[in-house]
Amino acid sequence: MNVTRAQSVTVPAAAVRRPAWRGVLEREAVWSWLMLAPPVLYLAAFVAYPFFYGVYLSLESRPVGRPGVFVGLRNFALDLSDPVFWQVARNTFTYTIVATLLKAAGGLALALVMNQQFRLKNAVRASLLLPFIVPTVLSTVAWMWIFDPTFSVINWVLVHAARLHAVPSWLGNPSLAMASIIFVNTWRGLPFYAITLLAGLQTIPPDLYEAAAIDGAGPRQRFSYVTFPLLRPVLIIVTMFSVIFTFSDFQLVYVLTGGGPANATHLFATYAFNIAMGGGQLGLGASVALAMFPALLLLIMGLTLYLRKE
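For the record, in the sequence shown the residue sitting at position 205 is 205 according to the working numbering, with numbers rising by one throughout.
Because the hints were derived from the structure by calculation, they are not lab data. Cβ coordinates follow ideal geometry from the N, Cα and C atoms, glycine included. Don't take each hint at face value.
[To be verified] With beta-carbon atoms standing in for the labels, derived distance ranges:
# : residue 1 : residue 2 : range
1 : W31       : D148      : 51 to 61 Å
2 : Q221      : K309      : 18 to 28 Å
3 : F250      : A48       : 15 to 25 Å
4 : L297      : R90       : 17 to 27 Å
5 : F223      : G278      : 40 to 50 Å
6 : A179      : L129      : 20 to 30 Å
7 : Y209      : P50       : 41 to 51 Å
Required output: the full structure, derived from the provided sequences and hints.
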């Protein structure tokens, strides 16, 4: 009986003994780092490495097929002395500022409309996402046909409805080409603004609108003193993402105009691609691509500080 009791006491003690690694995994700090490891490795492989390699290339004279030669900041000095570079800078800032303002105003208006109750509201919301979910290259090719001087549906309407004999070349005129890419970017970015702002609108308590209405506030006053102040943090965040995407836009401009005519629609991304891949100057192209980094960094820091202040 004593032996049996000793065995009944010692066997469960050995059975509940766990491996040491299991105790390590149950620690909160270790488990947190294991969860963070995949996204950190992804960012290191696809964001950090290309960025630092681009910085390394920008400090070299690296023609295609030849070993690089360290030249320091000479590529950046060449950029600053290039008149085309300054034209590209003006194009990029004009494109980003105008398109962002149009998307913000149009997206806010669409969000306010979709926040109302009307028939087929869900169908309208679903159709609103189409410009955003269609691949950029595919939708841009469609816009190429719309702006084509021979087969343009816009020019066909102008000829048959407005009785115009001389129709504009939308992608052949520098000013019209810039207006065209801004319009297409606005068309494509409106759903992003509208859906995000609509989500922000639906978090505003209806009691605030009822209290404002009881106090005699009209629609304009309710928007100015209730809707916009509560929606402003969401608007700042979505504007920050929109500025980043627009400032570094490549596919839309490259497919629609290729940077022409006469560099009128070149942005930093397309101009850097042309120099690096078309001209074979990898170091100079990398320096042009990095020229957008300080402006974006200052803008993001400014918006972040403003958001924290709010």
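Outcome of the hint check:
1. Distance hint for W31 and D148: a CB-CB separation of about 57 Å, consistent with the stated range 51 to 61 Å.
2. Between Q221 and K309 the beta carbons are some 25 Å apart, a value that agrees with the proposed interval 18 to 28 Å.
3. Taking 15 to 25 Å as the suggested C-beta distance range, the pair F250 and A48 conforms, at roughly 20 Å.
4. The beta-carbon spacing between L297 and R90, approximately 20 Å, falls within the hinted interval of 17 to 27 Å.
5. Between F223 and G278 the C-beta distance comes to about 49 Å, which sits within the given range of 40 to 50 Å.
6. Separation of A179 from L129 is about 25 Å and conforms to the stated range, judged on CB atoms against 20 to 30 Å.
7. At roughly 48 Å, the beta-carbon separation of Y209 and P50 lies within the given 41 to 51 Å, and the hint holds.
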